[in-house]
Amino acid sequence: MTLFEWLKENDKSLSWLGREVGRTPSVMSRLAHGHIRPTNDVVARIELLTRWKVTAVDIEATFQERRRLAEPARAAS
Amino acid sequence: MNAFGSAKLVEARGMAILAPFLAQATDGTLVVLGKGPLAKALQHTLGDAILRMPDGRAWSLELKIEERETGNLFLESWSNRNLNGRDGHIARGSTPGWFLRIQSEVLGYYFLDTDTFYLIDVFVLKRWAFTDWNIARRFPEKQQSRREQPNDAWGWCVPLKVLEKEVTFLRRRPRAELEATNALYA
Numbered sequence: 001m002t003l004f005e006w007l008k009e010n011d012k013s014l015s016w017l018g019r020e021v022g023r024t025p026s027v028m029s030r031l032a033h034g035h036i037r038p039t040n041d042v043v044a045r046i047e048l049l050t051r052w053k054v055t056a057v058d059i060e061a062t063f064q065e066r067r068r069l070a071e072p073a074r075a076a077s
Numbered sequence: 078m079n080a081f082g083s084a085k086l087v088e089a090r091g092m093a094i095l096a097p098f099l100a101q102a103t104d105g106t107l108v109v110l111g112k113g114p115l116a117k118a119l120q121h122t123l124g125d126a127i128l129r130m131p132d133g134r135a136w137s138l139e140l141k142i143e144e145r146e147t148g149n150l151f152l153e154s155w156s157n158r159n160l161n162g163r164d165g166h167i168a169r170g171s172t173p174g175w176f177l178r179i180q181s182e183v184l185g186y187y188f189l190d191t192d193t194f195y196l197i198d199v200f201v202l203k204r205w206a207f208t209d210w211n212i213a214r215r216f217p218e219k220q221q222s223r224r225e226q227p228n229d230a231w232g233w234c235v236p237l238k239v240l241e242k243e244v245t246f247l248r249r250r251p252r253a254e255l256e257a258t259n260a261l262y263a
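Just so you know, the protein sequences line up as chains A and B, in that order. Going by our numbering, the first sequence runs without a break in its numbering and finishes at 77. Going by our numbering, the second sequence runs without a break in its numbering and finishes at 263.
Errors might be hidden in some of the hints.
[Unchecked claim] Stretch by stretch, here's where chain B covers chain A in the computed footprint (C-beta under 8 Å, at least three residues):
no., region
1, 19 to 30
2, 36 to 43
[Said to hold, decoys possible] Capping the alpha-carbon separation at 27 Å, the derived lysine-lysine pairs in DSS-like fashion look like this:
no., chain 1, residue 1, chain 2, residue 2
3, A, Lys53, B, Lys203
4, A, Lys53, B, Lys141
5, B, Lys219, B, Lys238
6, B, Lys238, B, Lys203
7, B, Lys141, B, Lys85
Since the hints were made in silico from the structure, they are not lab data. Note that the structure is a prediction, hence the values are computed from the model and not measured. Note that the Cβ used here is the ideal one computed from N, Cα and C, for glycine as well.
Could you put the whole structure together from the sequences, leaning on the hints where they help?
Given below as structure tokens:
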């Protein structure tokens with residue numbers, strides 16, 4: 001499950017997640033969109049908060065997917 | 078992140094549970110010494126964390142976190158024995174393991190899969206281990222093989238049953254105890 005799917009399903013916001021994890025909403029947004037790869041501390045906290053519905057594997061998959069999508073754009077420029 | 082269960086991630090998963098647990102269980106304040114320019118120097122003498130109790134007393138803690146409980150504790154004798162090649166040994170020598178160097182007052186050993194946290198008095202444990210080299214005489218020294226390990230780490234695998242009988246420890250269930258008070262989840 002992606003982080004966005006979990007937030008929607010549980011009626012939670014990125015701001016709420018940021019408060020719980022100790023990061024700004026902007027960082028959480030970049031993380032949820034796969035723009036950044038979070039530290040292990042943040043991954044572990046997200047796993048706990050979501051009761052392992054969102055795991056390190058899900059977070060890494062989002063990051064890799066974003067990277068894959070960005071490749072053609074990067075190559076073209 | 079190169080693996081789902083990488084050692085660093087396992088450690089982070091454990092700390093995400095242990096940090097709130099230790100603070101809640103003791104009413105104390107936990108200071109984890111993992112980051113910052115002084116971290117290495119502080120960890121060398123104090124261990125991984127300091128727990129300040131409500132009465133002002135501070136306890137130094139060495140924390141070990143493993144993914145799976147096997148019935149043993151791995152007490153590291155060599156962090157890098159480094160005896161596989163002459164040149165490497167001449168260049169870097171050998172590095173004693175944490176169990177030989179540990180100065181903390183309490184060793185906390187946490188297993189994620191069983192949610193079991195063992196708390197052991199380090200002085201009592203070391204006196205038991207090193208009086209007449211009790212530990213080396215009774216338990217074979219083994220190379221660490223459980224997870225990716227760039228160093229040539231060695232240690233003694235000591236059954237928890239033996240430690241319970243001969244050293245004694247406290248056993249807690251951090252995740253379950255936090256869940257019971259709804260302190261862990263959203």
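These are the hints, each one checked on the structure:
1. 19 to 30: Coverage by chain B is violated here, the residue count being 1 at a Cβ distance below 8 Å.
2. 36 to 43: holds (count 5)
3. A:Lys53 / B:Lys203: Measuring from Cα to Cα gives roughly 41 Å; hence the hint is violated.
4. A:Lys53 / B:Lys141: Distance of about 26 Å is within 27 Å: holds.
5. B:Lys219 / B:Lys238: holds, 19 Å
6. B:Lys238 / B:Lys203: With Cα atoms ~17 Å apart, Lys238 (chain B) and Lys203 (chain B) stay inside 27 Å; holds.
7. B:Lys141 / B:Lys85: This hinted pair holds, its Cα atoms lying about 12 Å apart.
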